[in-house]
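**Q** Sequences listed follow chains U and S, in order. First residue of the first sequence? That's 14 in the numbering used here, and the numbers climb one at a time after it. First residue of the second sequence? That's 302 in the numbering used here, and the numbers climb one at a time after it.
For the record, the hints were derived by calculation from the structure and aren't laboratory data. Quick reminder that beta carbons are idealized off the backbone N, C-alpha and C, glycines included. Be aware that one or more of the hints could be misleading.
Below are the DSBU-like pairs computed for lysine-lysine, each with C-alpha atoms no more than 35 Å apart in a straight line [to be verified]:
1) Lys-184/U - Lys-394/S
2) Lys-428/S - Lys-330/S
3) Lys-298/U - Lys-394/S
4) Lys-184/U - Lys-428/S
5) Lys-442/S - Lys-184/U
6) Lys-30/U - Lys-17/U
7) Lys-424/S - Lys-298/U
8) Lys-137/U - Lys-184/U
Covered stretches of chain U, as calculated for chain S (at least 3 residues, CB under 8 Å) [stated by the list, open to error]:
9) 211-224
10) 346-360
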Amino acid sequence: MTEKHYLEAELEGLIQKDPEMWRFLQHGSLDGVWYWDLEAPDNEWMSPEMWRLFGIAPETKSHDLAEWQDIIFAEDLAVALDNFNEHCADPNHPYDQIVRYRHADGSTVWVRCRGIAIRDEAGKPIRMLGAHNDLTAIKRLEEQADSGRIAADAANEELRTFAYSIAHDMKAPANTLYSLLNRLSMMMPVDRQAPQRQLMNMSLQTIDRMRVLVDDVLEYTRVVGAETAYQSIDLTNVANDVVSVLAGDIEATGATVTIDPLPTIDADAMQMRALLQNLVSNAIKFNRDSVPPEVQVSSSSGKQRGVIVLSVQDNGVGIPLDMQDRVFAMFSRLHLHDEFAGAGLGLALCRRIAVNHGGNIKVVSTPDVGSTFSVELRIKQPRSETGTEI
Amino acid sequence: MNKHSDAQIPPISTAILVDDEQVDQILYKMVIDESGLVQSLMSFRYAQEALDYLLKPNRPEIDVIFLDINMPRMTGFEFLEAATAELGESFAKIVVVMLTTSMNPDDEDRARQFPVVKEYIHKPLQKEHLERVVELLAEHKG
Chain U
14 MTEKHYLEAE LEGLIQKDPE MWRFLQHGSL DGVWYWDLEA PDNEWMSPEM
64 WRLFGIAPET KSHDLAEWQD IIFAEDLAVA LDNFNEHCAD PNHPYDQIVR
114 YRHADGSTVW VRCRGIAIRD EAGKPIRMLG AHNDLTAIKR LEEQADSGRI
164 AADAANEELR TFAYSIAHDM KAPANTLYSL LNRLSMMMPV DRQAPQRQLM
214 NMSLQTIDRM RVLVDDVLEY TRVVGAETAY QSIDLTNVAN DVVSVLAGDI
264 EATGATVTID PLPTIDADAM QMRALLQNLV SNAIKFNRDS VPPEVQVSSS
314 SGKQRGVIVL SVQDNGVGIP LDMQDRVFAM FSRLHLHDEF AGAGLGLALC
364 RRIAVNHGGN IKVVSTPDVG STFSVELRIK QPRSETGTEI
Chain S
302 MNKHSDAQIP PISTAILVDD EQVDQILYKM VIDESGLVQS LMSFRYAQEA
352 LDYLLKPNRP EIDVIFLDIN MPRMTGFEFL EAATAELGES FAKIVVVMLT
402 TSMNPDDEDR ARQFPVVKEY IHKPLQKEHL ERVVELLAEH KG
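The task is simple: from the sequences and hints, build the whole structure.
**A** Shown next, in the form of C-alpha cells:
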C-alpha cells in the first residue's frame, strides 16, 4: 500500500471537522440523500433535495418510511427490497438499482439509488446511508431513441411485407397473361412478317420480362425479409446443389462449372444458396458468343483471421472498369434486355447477403476476358451455437 | 421517316428517341408515324450512342429528344449532364424526359434542373405528348 497523498488525508479530516464540506459534496454531486434507522425502521431522514426532485415541498414531509414507499413504482420497490435484504445479509452484494418515482405532476422520475448498511460490532446492520442520482433526462432520451428504432423497424418490416405481397400477387396474373398470349399466338397467321405476329411477339417478350422482374423481386424480398439464421453450412454441398438446379442452363450453354473444395462456415442456408446461385448463374449467363462458359467456384483465406473469400470466376463478357461500382446497385443493368435478361436485382441481393453475414462483395473484371466475384465471409458468427471452433 | 408528309411539312422536323427497350421503341415509332407530326426520327438504345451523334459536326438541328431515364450504362440523367457539359444548355430545342412508374419522385426535380428539359411524361409515349411538343416548339420560335 502506498501512503495517502497528504491532500487526501487532509480532505478526510476536513470533511469530519466541517459539515459545510459534506453539504458541498451532497449538493454538488447528488440529487438526494437518506439515512435510515434500521433499529426503528419507521424513521428515515430524507434530505430536502430528495423531495424537491419529486416536486414535493420538503417541509410537508416528516421523515417517515412510508412517505417514499408511497410514490416509488411498486415493481421497482420490490427490486430495491430484494437488494436491501441481500445487502444486509452480505456486504459484498451492492444496494444499487435504477428505480422510478412518480413526480407530483404525474411524470416519471428515474433515480439511481445506492446505499450502504452501517453495521454494529456483531455485523448486524443498524443504519443505512443512501444516495440518489437523477437519471430522468438520460432515460427520456433512451426512450425516444428506442421508440424511434422500433418505429423504423416496424416501417421496414411493413415495406418488406408490402414488396413481398405485391410481387407475390403479381405472379399469378403475369403467368395467366403469359398463358393467354401463348394461346392467342397459336391462332395467329403463320407469316412471321404479319404485323399481328410482330405485336404478339413483342407482347410475349414484355410479359416474359415482367415474369423475370416479379420472380427476382420475390426472391429479393423473400431473402431480405427473413431473419438470418446461422447454422453450420458446408459450402461445397451448397455449390453442388446450385449446379444441379442450373443443369439446364449449363447444358444449353455448354458450360463447365468446377467446384474446388469449399469450407464449412456459419451462415444462413437459404442466403448462401441464393448467393451462389446468383453468382454462378450470372457467370453462365454473361458469356461471350461462341465461348463456352468456364466457371470456377473456389475459396481462399481472407486477409483477416477467421475470414474466408468465396470466389466465382468466369470467362465471360466482363465489366468495364467505370461500371464496376454500379453493378451491385438495385435495378442496375449494364446491358439491353434482349442481350441479357434480368431485372438488375441479383447482385444487389448478393451484396445484401454478404452484408447480412458481416462480410462484403467485390468484383475484379476485364472486358472480354472475364470477371471474378469475391465474397468475404466469417467462418464463425458471434453468438453462434453451431460450427467448429477454429 | 414519316409516311404522311404529302400535304404539309410535319411541324417536328428532327426528333431523337433514346430508349433501351426494343419493344418500347417499336411501339413509340408506331405512335410517332401515325401522328404524322414528325418528319425525321432517329433512335438510339444506348445514351452514349445518342451523345456521340450529337457531337458530330454536321448534324441537323434537333427539335426534340425523347429521353428514357432508366437505361443501362449511361442513364438519362448522365446523358443530360454529359450533353450539357459538351454542348451547352441548348443541345436540342426541347428534351422530353420519359419517366417510368418505378422512378423515384425526386427524379422529376432532378430533371427540372436542366433548362433544356421542357416536359416530363410518364411512359408510354402517346400522341398527346407529341402535340404538346408541337406547342412547345411554337413557343420556342416565338
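**Q** If a hint holds in the structure, say so; if it doesn't, say that too.
**A** Against the structure, the hints come out as follows:
1. Lys-184/U - Lys-394/S: violated (43 Å)
2. Lys-428/S - Lys-330/S: holds (11 Å)
3. Lys-298/U - Lys-394/S: Not OK: Lys-298/U and Lys-394/S at ~41 Å, beyond 35 Å, violated.
4. Lys-184/U - Lys-428/S: holds (32 Å)
5. Lys-442/S - Lys-184/U: violated (49 Å)
6. Lys-30/U - Lys-17/U: holds (19 Å)
7. Lys-424/S - Lys-298/U: holds (29 Å)
8. Lys-137/U - Lys-184/U: violated (76 Å)
9. 211-224: holds (count 4)
10. 346-360: The restraint on the region 346-360 of chain U holds, since 6 of its residues have a Cβ under 8 Å from chain S and three suffice.
When held up to the earlier numbered hints, the structure conflicts with 1, 3, 5 and 8 and fits the remainder.
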